[in-house]
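Peer 1: Each chain is listed here by its residues.
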Amino acid sequence: MSTLGSAVRAGASALAAERMRIEVAVSNLANAESTRGPDGQPYKRRDVVLQTTTVQDFDDSLGRATAVGVEVAAVVEDQGPARRRFEPSHPDADKDGYVTLPNVDPAEEMVDMLGAARAYQANLTAIGLIRDLVQRALDLGRG
Amino acid sequence: MSEITSDSGVMAALRQQMTLAAARQAVAASNLANVNTPGYRAREADFEQTLDGKLGDPLTLTNPRHLAAAEPSGPASHEAAGLAARLDGNNVQIDRELLSMTQAAGEFARAQTALAAKFRLVRYAINEAR
Amino acid sequence: MTIDALKGRIPSGLPKVGGGDAATTPAGAGFSDALGRVVDAVESTESQANTAVSGMLSGTTDVHDAMIALQRADLTLQFSVQIRNKLVQAYNEIMRMPI
Numbered sequence: 470m471s472t473l474g475s476a477v478r479a480g481a482s483a484l485a486a487e488r489m490r491i492e493v494a495v496s497n498l499a500n501a502e503s504t505r506g507p508d509g510q511p512y513k514r515r516d517v518v519l520q521t522t523t524v525q526d527f528d529d530s531l532g533r534a535t536a537v538g539v540e541v542a543a544v545v546e547d548q549g550p551a552r553r554r555f556e557p558s559h560p561d562a563d564k565d566g567y568v569t570l571p572n573v574d575p576a577e578e579m580v581d582m583l584g585a586a587r588a589y590q591a592n593l594t595a596i597g598l599i600r601d602l603v604q605r606a607l608d609l610g611r612g
Numbered sequence: 030m031s032e033i034t035s036d037s038g039v040m041a042a043l044r045q046q047m048t049l050a051a052a053r054q055a056v057a058a059s060n061l062a063n064v065n066t067p068g069y070r071a072r073e074a075d076f077e078q079t080l081d082g083k084l085g086d087p088l089t090l091t092n093p094r095h096l097a098a099a100e101p102s103g104p105a106s107h108e109a110a111g112l113a114a115r116l117d118g119n120n121v122q123i124d125r126e127l128l129s130m131t132q133a134a135g136e137f138a139r140a141q142t143a144l145a146a147k148f149r150l151v152r153y154a155i156n157e158a159r
Numbered sequence: 039m040t041i042d043a044l045k046g047r048i049p050s051g052l053p054k055v056g057g058g059d060a061a062t063t064p065a066g067a068g069f070s071d072a073l074g075r076v077v078d079a080v081e082s083t084e085s086q087a088n089t090a091v092s093g094m095l096s097g098t099t100d101v102h103d104a105m106i107a108l109q110r111a112d113l114t115l116q117f118s119v120q121i122r123n124k125l126v127q128a129y130n131e132i133m134r135m136p137i
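Residue numbers (my numbering), protein chains in the order written: chain W, 470 to 612; chain P, 30 to 159; chain B, 39 to 137.
In case anyone wonders, no lab produced these hints; they're calculated from the structure.
A virtual CB, placed ideally from N, CA and C, is assigned to each residue, including glycine.
There is no bait here: all hints are sound.
Chain P stretches covered by chain B per the calculated footprint, using a threshold of three residues with CB under 8 Å from any CB of chain B: (1) 46-55; (2) 141-154.
Below 20 Å or equal to it, Euclidean Cα-Cα: the simulated SDA-like pairs (lysine to any residue) are: (3) Lys124/B / Ile155/P; (4) Lys147/P / Arg611/W; (5) Lys147/P / Ser37/P; (6) Lys147/P / Arg605/W; (7) Lys124/B / Met30/P; (8) Lys147/P / Gly610/W; (9) Lys124/B / Val151/P; (10) Lys147/P / Gln604/W.
Every beta carbon over 10 Å from chain W, so not counted as near; a handful from chain B, in silico: (11) Tyr129; (12) Asn130; (13) Glu131.
Full structure from sequences and hints, please.
Peer 2: Dropping the structure here:
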């Protein structure tokens with residue numbers, strides 16, 4: 470496995486994974502007040518589960534370093550308790566006047582989004598750096 | 030010329046430097062990719078310490094086999110020590126990894142420049158001996 | 039250019055040729071020996087370059103290793119051409135010598 474090539478692939482996998490995290494955070498924020506979805510139930514916060522990709526053909530005989538990437542294992546629904554707010558005038562209020570709201574904490578979603586954005590940026594930088602190195606390696610074959 | 034026809038001497042040492050720098054990049058890239066993976070522990074290349082000591086000046090390297098100790102025969106990396114973990118168990122620090130990548134990139138580039146110069150020199154010597 | 043000076047410039051790391059074409063004169067044996075070693079080096083570096091390049095294309099080999107293999111093959115070939123020329127030159131000189 471080309472060492473630098475695997476490093477680029479690892480970075481690219483991170484770009485995809487972090488982008489997914491940002492999209493889910495945006496979706497959570499957008500639906501923070503959604504009391505009734507298509508199924509009639511309040512929106513449930515979604516969470517992205519990340520896991521390290523397993524190295525497939527690791528060539529141990531050469532002892533080459535191969536980079537590992539990251540992948541989205543699953544996007545799960547947060548089963549935590551929903552929020553309840555006293556708002557009798559709301560169309561979806563129950564008989565006690567409480568509205569069941571999605572278990573979304575906007576502050577937490579923002580933190581997740583910023584973390585994902587920072588990771589995205591860092592991996593983008595890394596990919597650029599490695600691409601330059603590969604170009605320099607190719608220059609060795611010149612002249 | 031013998032170090033060109035039989036992979037040895039300064040050329041082999043420079044080639045090894047590039048390989049080690051590339052391995053460092055791969056480890057740092059793995060860490061950066063997994064900066065938000067729960068439970069992931071940052072790794073670093075095995076030869077991290079020996080590199081700084083031994084490869085200061087490749088021209089003084091008398092025998093490239095000295096690097097055999099640094100050459101990974103098994104896993105090429107180990108878990109980095111002394112890094113504080115966050116709530117999700119992850120201890121990767123973006124700045125530390127980017128710094129490591131920048132340093133490794135510098136080593137790679139320096140070795141490449143030296144190697145390219147070496148090839149040019151040999152080529153010149155061959156052609157001028159006509 | 040004497041034969042000894044020439045022999046000193048043959049790469050010492052080259053494998054010796056066993057049982058190659060031996061000319062009738064001692065000078066001839068020395069030449070074919072030297073040429074054999076050079077040819078072996080050319081073949082060796084060239085096959086290494088082929089392996090390295092196909093490895094690079096299939097993602098198995100690092101780019102810098104492949105590039106280095108290419109340069110080694112190229113330089114070895116160029117060197118061998120110079121050696122060949124010098125050997126032919128020297129041989130002709132010797133053949134011109136009055137017995």
